[in-house]
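Chemist: Sequence:
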Amino acid sequence: VLFNKVATVKGPRMREYAHRISDLVYEQLTGERGAFMTRIAYVVVNDKDRFPYQLRVADYDGYNERLVLRSKQPLMSPAWSPDGQKLAYVSFQNGQAEIFIMNIYTGEREKITSYPRHNGAPRFSPDGNKLALVLSKTGTLQVYTFDLKTRKLTQITRSRSNNTEPFWHPDGKSLIFTSDRGGKPQIYQVNLGSGSIDRLTWQGSQNLGGQITPDGRFLVMVNRSDSG
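Numbering-wise (this note's numbering), the sequence shown opens with residue 1 and increments by one.
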């Protein structure tokens, strides 16, 4: 027997409790946190709708979909806050790319950055206090962090190449990102304390979209081999 629990569940909440039970079983078997109660955020484009760009959230399996924002202009790159209450995203509602944070329960929105040219790829830090993001206000795409409490913007990468797709290491002490500084896109890691940068990927002609698993053990990415 893994565990023993008793609950009275009403019909409309059957799926929710099935997910909760699945999490409990998974955690008992593996010792790791389950993902059955997690949610996904995504953008749906419907050209026939008056507001064709729609930001939606749903359970991890696509059920219980809910519309949280709609716009006549493109919406991109939704990213969850660690507490699951907010989304950072890119909006073109004012004619250029800008980064916003929205509370999905209250609907309250806050503009975070609106620099000239590109504002994109927002990612919450593991503690929820900062955003990693990409700006091109100096010319090429560069990675920055933005402190949500002090409003301090800090430039992380400085090169003539493009640097994008930042993703936080689970310990919050470094970022991985994609850069073409070697000629083609590869994945690098920057230590936020020292500023030192290491290249992580060497196999394949291109490696993109790097993400680190929650336990910090594995790097997940999109790989393009030399053969195509």
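Hints are computed from structural coordinates only; laboratory data are not their basis.
Any given hint could be a false lead.
[What the hints assert, rightly or not] Think about it this way: if two alpha-carbon atoms lie no more than 27 Å apart in a straight line, the pair counts; the simulated DSSO-like pairs of lysine-lysine are:
1. K173 with K111
2. K184 with K152
3. K173 with K184
4. K111 with K152
5. K137 with K152
6. K137 with K111
7. K137 with K149
8. K5 with K72
9. K5 with K48
10. K149 with K173
11. K72 with K137
12. K72 with K10
13. K48 with K10
14. K173 with K152
Chemist: Evaluate each hint against the coordinates.
Modeler: Hints, verified against the model:
1. K173 with K111: 26 Å, holds
2. K184 with K152: Roughly 31 Å separates the two Cα atoms, so the pair is violated.
3. K173 with K184: Roughly 26 Å separates the two Cα atoms, so the pair holds.
4. K111 with K152: 14 Å, holds
5. K137 with K152: Holds. K137 to K152 sits at ~16 Å (cutoff 27 Å).
6. K137 with K111: Measuring from Cα to Cα gives roughly 17 Å; hence the hint holds.
7. K137 with K149: Cα-Cα ~22 Å, so holds.
8. K5 with K72: 48 Å, violated
9. K5 with K48: 48 Å, violated
10. K149 with K173: 18 Å, holds
11. K72 with K137: Roughly 25 Å between the alpha carbons, so the hint for K72 and K137 holds.
12. K72 with K10: Violated, at about 39 Å.
13. K48 with K10: 37 Å, violated
14. K173 with K152: It holds: about 17 Å lies between the C-alpha atoms, which stays within 27 Å.
In this structure, the earlier hints numbered 2, 8, 9, 12 and 13 are contradicted, and the remaining ones agree with it.
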